[in-house]
Structure formats: C-alpha cells, structure tokens
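There are 2 protein chains.
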Amino acid sequence: MFLQIEFESDIPIYQQIKNQIIRGIALGELKLGEDLPSVRQLASDIGINFHTVNKVYNQLKQEGWVVIHRKSGVMINPDLNVYNNKQYIESLDELLKFTTAEAYLRGVTKEKFIELIEENYNKYF
Amino acid sequence: MFLQIEFESDIPIYQQIKNQIIRGIALGELKLGEDLPSVRQLASDIGINFHTVNKVYNQLKQEGWVVIHRKSGVMINPDLNVYNNKQYIESLDELLKFTTAEAYLRGVTKEKFIELIEENYNKYF
DNA sequence: ATATCTGTTATATATTATATATAACAGATA
DNA sequence: TATCTGTTATATATAATATATAACAGATAT
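Line by line, the protein sequences are chains A and B.
Each step along the first sequence adds one to the number in the numbering used here, with nothing skipped, and position 22 is 1153.
Each step along the second sequence adds one to the number in the numbering used here, with nothing skipped, and position 114 is 1245.
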C-alpha cells in the first residue's frame, strides 16, 4: 500500500493509518469496494503489531468507511455514505476555531488559508 | 477568565486551555501585554492542579505567545511575533490534508468549507 | 481431511501522556 | 515578616498507545 508512517511523530500510528486511508479514498487511490490488506499483512508491511491494525479497521468500520466480511476480509465500503451528521460538523467547526485563530496570528492570511483549502479540494473528485 | 473546560472531552485539559488562550488573543479578548492569572489562581478557578496550568504557560512561553517575569507573572507577549516559520506551515498543511479529505467525503463542499473559514477569519482583527 | 488464510478475542506487559498531590525554594512586594 | 509569584522535585494514579502470545471459528484451497 501507499502508507507512510512516521514513528517519531506525536500522532499515534493508528491515527496516521486512519488519516491516510481516508485521504486515500478522497484522492481516489482507494476505490470503493477495494480490498484492504489483512490485519496481519498490513501490520507486517509496516512493521507493527497486528492489534494496532485491527484497532484501525474496527474504528473505520464503526465510522462507516469500510465493511468487514469474516474471511473475505476488509474492503472500502462500496456504499460509502458517511455524510455529515450534525456531530461531525460540530467537531469540524470546533477544530477550525482554533486552527484559524493560530493561523491568523501566525500571519497566514484568509486568502492564503483558502488557497490551501482549494489546493486540497481540487485533488478530490 | 473566559475559559470553558470540558472534562469529558477527549482533548486534554492543557490543550483546551492553550487553544482557548490563543483564540482569545485572535479574537481580541486577550490584549497584548495583558496579565494572565497566576498558575495557582487559574488552576483554582478551573478546579484543576496547578501543574497543569504551569505546563500550559511554559508551552505558551516556549512558542512565543506569552512572556513570564518571575513574580510579575505571566502576560500575553506585548511583542507578539510568532509569524509563520516553515515548520508551522508544514504542520498546518498536513492537518488540512486529512481534515479536507474527511470533510469532502462527508459531503462538506469546498464552498461550505471556505464559508466556515471566512466566518472565523471575519472575527479576527 | 488438512493446511492456511481470514477476523476476533483474551490476557499480559511496557511505555508514554495526562493529571494530581505535597512539599519546598527563591525572588519580588506590601 | 507575610504573602504573592514562578519553579523544581518527588511521588502517585489513570488512561492511551503499542506490543507479545495464544487461541478460536469460519472460509478456502490443496
């Protein structure tokens, strides 16, 4: 897979994997219905314990990103519909409060910030 | 102060305090040069241990948000200049990668996302 | 049938992050 | 002298993160 883990990061390994899988879906690098490696395979590839991957897959399942069939394995949810529940919007709103505040004080203009957003969104289709 | 801590949150208390102080500066609720409560006073107000507040103040000092004079106390840095070092831009960029990806997949359009950014930025002066 | 692959569960351990609890110190100030 | 600052030291508790072994049940290929 395309996963790139930074072991020295302050972001937990399981979170890095979740982030990159979700971004992989948005970028189209992971197609809906596509199989993911088995928990043991991915753990082996990355060089981590399989429980960590198992935790990732279960959380992704819980949030609707993947479906798990016992023994056919894990695949990106072919009927992906994780659309914005009010709870998600609230958490996004909360995150942007503090992210924009710090960015502003660090001299990142509104225009520059929006440019960063557009650069990202333009990669999603 | 205006701090509102959620003890059940998955965001650590010290991080919540940092977030709200930085946002307080951006909103103008905290003026440059303004005194902050002493570590013991703020801890008492919130109902937490003073070491937690001490940790916050030291990190804020480390990052340039406040200055600490032994015994005059802690104040918002009157010469605030935390402007964007390359390291910060990189971390912001990394954060936006995953934030925009999930937002996109959850049905938050680029226009809606930008609207959220503008709502926040318009509060800063 | 047997071996091998899946996810799953159980148990145990190690490390780090977060938060608290007490105590004491040194400098400044009233 | 008493009281306020930030600071430091030590100890403890809890939770989050990650690993290590082992075993189980269902599916599949040989």
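In short, the hints are calculated from the structure, not lab data.
A portion of the hints provided could be inaccurate.
Since copy identity is lost for identical chains, a pair holds within one copy or between any two.
As the list claims (entries may be wrong) - List time: in silico DSSO-like cross-link candidates among lysine-lysine, alpha-carbon distance up to 27 angstroms:
hint, residue 1, residue 2
1, Lys1162, Lys1243
2, Lys1202, Lys1243
3, Lys1202, Lys1228
4, Lys1228, Lys1217
5, Lys1241, Lys1254
6, Lys1162, Lys1228
7, Lys1202, Lys1254
8, Lys1149, Lys1186
9, Lys1254, Lys1228
10, Lys1202, Lys1217
11, Lys1241, Lys1202
12, Lys1192, Lys1241
13, Lys1149, Lys1217
14, Lys1243, Lys1186
15, Lys1241, Lys1186
Against the structure, the hints:
1. Lys1162 with Lys1243: between (31 angstroms within a copy, 25 angstroms between copies)
2. Lys1202 with Lys1243: Close neither inside one copy (47 angstroms) nor across copies (40 angstroms); limit 27 angstroms.
3. Lys1202 with Lys1228: neither (43 angstroms within a copy, 32 angstroms between copies)
4. Lys1228 with Lys1217: both (17 angstroms within a copy, 22 angstroms between copies)
5. Lys1241 with Lys1254: both (21 angstroms within a copy, 11 angstroms between copies)
6. Lys1162 with Lys1228: Classified as between: cross-chain Cα gap 18 angstroms, same-chain 32 angstroms, threshold 27 angstroms.
7. Lys1202 with Lys1254: neither (34 angstroms within a copy, 52 angstroms between copies)
8. Lys1149 with Lys1186: within (10 angstroms within a copy, 30 angstroms between copies)
9. Lys1254 with Lys1228: both (24 angstroms within a copy, 10 angstroms between copies)
10. Lys1202 with Lys1217: neither (34 angstroms within a copy, 46 angstroms between copies)
11. Lys1241 with Lys1202: Neither. Shortest intra-copy (49 angstroms) and inter-copy (38 angstroms) distances fail the 27 angstroms Cα cut-off.
12. Lys1192 with Lys1241: between (36 angstroms within a copy, 26 angstroms between copies)
13. Lys1149 with Lys1217: So Lys1149 and Lys1217 pass the 27 angstroms test inside a copy (21 angstroms) and across (26 angstroms) alike.
14. Lys1243 with Lys1186: For Lys1243 and Lys1186, the Cα distance exceeds 27 angstroms both inside one copy (37 angstroms) and across copies (32 angstroms).
15. Lys1241 with Lys1186: Intra 37 angstroms, inter 31 angstroms, cutoff 27 angstroms: neither.
Against the hints set out earlier in the document, violations occur for numbers 2, 3, 7, 10, 11, 14 and 15.
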